[in-house]
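Fit chain B to the given chain A structure using the hints.
Residue numbers (our numbering), protein chains in the order written: chain A, 1 to 299; chain B, 300 to 619.
Just so you know, these hints were derived from the structure itself, not from any lab. Just so it is clear, the structure is predicted and the values come from calculations on it, not from any experiment. Misleading hints may appear alongside valid ones.
Derived coverage of chain A by chain B (criterion: at least 3 residues anywhere in the stretch with Cβ under 8 Å from a Cβ of chain B; other residues may be distant) [said to hold, decoys possible]:
(1) 43-51
(2) 59-67
(3) 131-139
(4) 231-238
(5) 269-278
To give a feel for the contact side, a few chain A residues facing chain B, derived at Cβ under 8 Å [to be verified]:
(6) 77
(7) 142
(8) 224
(9) 228
(10) 262
(11) 265
(12) 281
Yeah, the Cβ is synthetic: ideal placement off N, Cα and C, and Gly gets one too.
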Amino acid sequence: MSAVVVGAAPGKVGAPEALAGIFWARFVRHRPAVISALMIALLGLASIFAGAIAMRDPLRIDMSHKFAPPLAKGHLLGADELGRDVLSRLLHAGRISLTVGFAAMAVTVIVGAVLGTLAGYVRGAVDTVLLRLTDAMLSFPPIFMLLALAAFVRPSLASMTVIIAVTSWMDVTRMVRGQILTLREQEFVTGARGLGASGARIMARHLLPNTVGIIAVAATLSVARAILLESYISFLGYGIQPPLASWGNMLNNAQSYFATAPWVAIFPGVMITLAVTSFNFLGDGLRDALDPRHVRSRS
Amino acid sequence: MEGLKQYFARRVIQAVVVLGLVSLAGFSLLHLAPGGPAAIYALSPTMSAEDLDRITHELGLDRPIHVQYLSWAKGFLSGNWGRSYRDGRVVLEVIADRVPATVVLMLSAFSVALLLGLASGIVSAVRQYSLFDHLATLGAMVALSIPTFWLGLMAIYVFSELLHTLPPGNIGTVGAPFALADRLRHLILPAGTLGVVMVATWSRYTRAAMLDVIGEDYIRTARAKGVTQGRVILRHALRNALIPLVTLAGLQLPLVFSGALVTETIFTWPGMGRLFVDSIGYRDYPVLMGILVLTATLVILGNLVADLVYAAIDPRVRHS
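So here's chain A without its partners, still in its complex pose (with noise of 0.2 Å):
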């Protein structure tokens, strides 16, 4: 059966170099996407080194700092209201936003893609119950489903990872499951069928791999899905708890020092912002170049 590769991944089949330099033409020629991808993996660089970019330790008080503006004494984005320095703080917070992001993408697209695939392969009975599963999670207002978890586990980066999958694995599920259902009606699909593949085979190794670009435009948007619902949890109190800082939990109490030192407040939410846009285009520049169909109704 090994000589028969009759069902090998069509996306694999004719000249796989020709479609990657397709893919990158497209893709770099969606500038904000590029100008996103650099920007990303600044941030991340800056995170992984955290450690050694940091001139001080974001945990360490010094009262006699306390609401130094900044670029007074040797703080360049200030100090809080415990005197910590804003930077070291914010790049750390970064490690731990940037962490939860990456982890709950993780589980997001797992969960996503084998129920997506299970839904639109096996159909029938299966699909309709996930369908509406998927139906009734998308009802539930996403911060207050958040919440009302978050408010009964103990918060750590794990239950924080946990809890954001669990409220966004729906719209993965949606997308693989259309990809899916298309796919499955193909040529190649129903040669290997009639090899006598079996369904979890076909799944695994046709259908899966074949969904690839859309679990990937999926994957960008989920992380940027998932700093936002991160900061949002942490700044409402439930999610990453202090000493450990968080770009959302170091927005915790700014709402009270405006008056006095409006850069603890600024600065968390600026990079917040830089990174969830960043993702977001990320994922829109990945869609553009995947799909070319997409593209004439984008700039």
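For chain B alone, coordinates are given in the frame of chain A:
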């Protein structure tokens, strides 16, 4: 092929099934979570184990979970949503007290967003790839990515802290008698903050929908007949582009509710979202459950109405 009646029937049945799942999912998620509904009593140091057992029994929490769900669901349908653990008031009343503030906030934000979003989307589509279009696209993406709570904080910082032009929170001046002007002044910042997310979505969809329509033959025909540009855009194109936007309003609801929760928290706005946040602090389980299911129900109904209206206007939908 399916007629309008069959489509309506199928959609309504679907909505009822989803509604059942929503109540079931919400109920079990909150109930099975560690801590559970009796957690607030367990925290009190004066509580003995017997007291706790008694309270658990009085609240009916020692019954099998499906019995609890059925009795809760029966009560929910008949308007008996239980009593608040916090102050013993009837849940339906506690929530109903907060609904008007949320409705005012959401409707104001929605109206502003609709006007601005349509206008910006139309200009973007008509002048595709112009400077305005590029800026609008960038702006929309940033607006979708900006955390609403931070946007609210910045709005308060600029307009209340720096410029002293608008109040930083509350629905009206505390202690003052009702005055429309005062209420409106208090509404501007929260409604503007909540509106930003919606403007982005509306303008992007309007742009895409207009671009789709502008390419159609009947637009070219209208132009060939010598119809003026303004008339083509507003009478011929916009009317057709608006049809898919009907569903958008429904789809947006969960996001708008979420935005409202955060906005209400920042601006101490006495709505449902703020009640929800407060209730979490108190583990006020009946109120939480009530708001969760109520918002999800509104979302389901909103989507159902949007789909039915869409199908009634555009017969192509039903057959896809």
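Here is how each hint holds up against the structure:
Counting residues of the region 43-51 of chain A whose beta carbon lies closer than 8 Å to any beta carbon of chain B gives 0, which falls below the threshold of three, so the coverage claim is violated. Only residues whose C-beta sits within less than 8 Å of a C-beta in chain B count toward coverage, and the region 59-67 of chain A has 0 of them, not enough to reach three; the restraint is violated. Under a criterion of three residues with beta carbons nearer than 8 Å to beta carbons of chain B, the stated coverage of the region 131-139 of chain A is upheld, 7 such residues being counted. A stretch counts as covered by a chain when three or more of its residues have a beta carbon under 8 Å from one of that chain; for the region 231-238 of chain A and chain B the count is 5, and the coverage holds.
Restraint check on the region 269-278 of chain A versus chain B: 5 residues with Cβ-Cβ distances below 8 Å, three needed, restraint holds. Using the Cβ-Cβ criterion of 8 Å, the hint placing residue 77 of chain A at the interface with chain B is not satisfied: the shortest such distance is roughly 16 Å. With 8 Å as the threshold, the beta carbon of residue 142 of chain A comes within range of chain B, its nearest partner Cβ sitting at about 5 Å, so the hint holds. Using the Cβ-Cβ criterion of 8 Å, the hint placing residue 224 of chain A at the interface with chain B is satisfied: the shortest such distance is roughly 7 Å.
Look at residue 228 of chain A: its Cβ gets to within about 6 Å of chain B, closer than 8 Å, so that hint holds up. For the restraint placing residue 262 of chain A at the interface with chain B, the shortest Cβ-Cβ distance is roughly 6 Å, inside the 8 Å limit, so the hint holds. Using the Cβ-Cβ criterion of 8 Å, the hint placing residue 265 of chain A at the interface with chain B is satisfied: the shortest such distance is roughly 6 Å. Hint status for residue 281 of chain A: holds, given a least beta-carbon distance of 6 Å to chain B, under 8 Å.
Of the hints listed earlier, those the structure fails to meet are numbers 1, 2 and 6, in rising order.
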